[in-house]
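Colleague: Construct the entire structure; sequences and hints are all you get.
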Amino acid sequence: MRDVTSTTDSDPDPRGSAPADVTADASVGVVQGAPTGASASASAAGSGKGLETREHLKQVALQLFAERGVAQVSVRDILAAAGQRSGGALHYHFGGKEGLLRELIADAARQFDEARLHKLAALKRKRSPPTLRDVLRVLADPFDGAVREQLVPRGYGALLNALQVEHYAAFTQGVEGLDLGYRECIGMLRALLPAVPRQQLNQRIRLMMLFLFSAASARERATGPAQGEAGGWQQFWSEAGSKDTLLDCLEGMLTGPA
1 MRDVTSTTDS
11 DPDPRGSAPA
21 DVTADASVGV
31 VQGAPTGASA
41 SASAAGSGKG
51 LETREHLKQV
61 ALQLFAERGV
71 AQVSVRDILA
81 AAGQRSGGAL
91 HYHFGGKEGL
101 LRELIADAAR
111 QFDEARLHKL
121 AALKRKRSPP
131 TLRDVLRVLA
141 DPFDGAVREQ
151 LVPRGYGALL
161 NALQVEHYAA
171 FTQGVEGLDL
181 GYRECIGMLR
191 ALLPAVPRQQ
201 LNQRIRLMML
211 FLFSAASARE
221 RATGPAQGEA
231 GGWQQFWSEA
241 GSKDTLLDCL
251 EGMLTGPA
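If you're matching positions, the sequence shown starts at 1 in full-length UniProt numbering and goes up one per residue.
Please keep in mind that the hints were generated in silico from the structure rather than gathered at the bench.
Some hints here could point you the wrong way.
[Said to hold, decoys possible] Think about it this way: if two alpha-carbon atoms lie no more than 30 Å apart in a straight line, the pair counts; the simulated DSS-like pairs of lysine-lysine are: (1) Lys126 to Lys49; (2) Lys124 to Lys243; (3) Lys243 to Lys126.
Modeller: This is the structure we're talking about:
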């Protein structure tokens with residue numbers, strides 16, 4: 001996956017790029033060579049109890065990461081909240097905290113990518129060529145589905161939003177190879193906006209996606225158990241036209257004067 005932290009012509013992917021063998025952000029503590037969730041999952045596939053434990057650890061970690069932030073949650077915190085006496089199960093299934101985090105990210109990325117590919121297929125079946133609004137809707141709809149249709153468990157909005165700012169490298173590793181729909185959308189945006197210089201368009205797309213992650217996190221909080229703490233955002237997301245307003249903002253970020 002290519003990075004766009006520089007001003008090159010590489011894909012403006014907010015999930016960036018880091019070679020698989022490169023250690024991620026030190027604050028996340030990614031360890032080179034640690035077993036991935038996928039390999040641990042294959043080892044535990046034959047054990048129903050092992051699978052149940054594995055999923056429970058993921059659910060507990062997701063909520064802790066969403067509530068406190070990744071750096072503030074230790075392996076000990078996860079084990080205590082999950083009712084585990086030792087770290088054996090967590091290390092067996094994920095190789096450690098960083099492997100668990102990577103799998104949580106990959107789970108969400110997989111769901112989002114499937115949703116986008118499905119919507120892109122429907123878009124291609126239409127006789128008229130896709131508009132900018134069509135493509136933005138494909139990018140934004142999975143975030144809407146994450147809350148409205150529970151496409152992913154609650155807590156992902158806050159986690160993914162925080163990762164964009166605080167643990168970008170860990171995020172890029174987690175979504176590696178699970179962003180085909182996103183990349184196709186980016187290609188379509190470029191074709192629809194040829195007048196915007198490539199470097200500037202890259203920057204705008206990256207900021208647009210950061211805004212989209214932030215909006216998804218705000219909506220998740222406003223419609224969840226802690227909605228009373230979200231103030232007027234609960235009312236905003238329940239108002240008619242709020243989703244169209246979100247798309248208006250995304251479109252404006254891309255099409256403003258160069």
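Colleague: Now, for every hint given, state plainly whether the structure supports it.
Modeller: Hints versus structure:
no., hint, in the structure
1, Lys126 to Lys49, "46 Å, violated"
2, Lys124 to Lys243, "23 Å, holds"
3, Lys243 to Lys126, "22 Å, holds"
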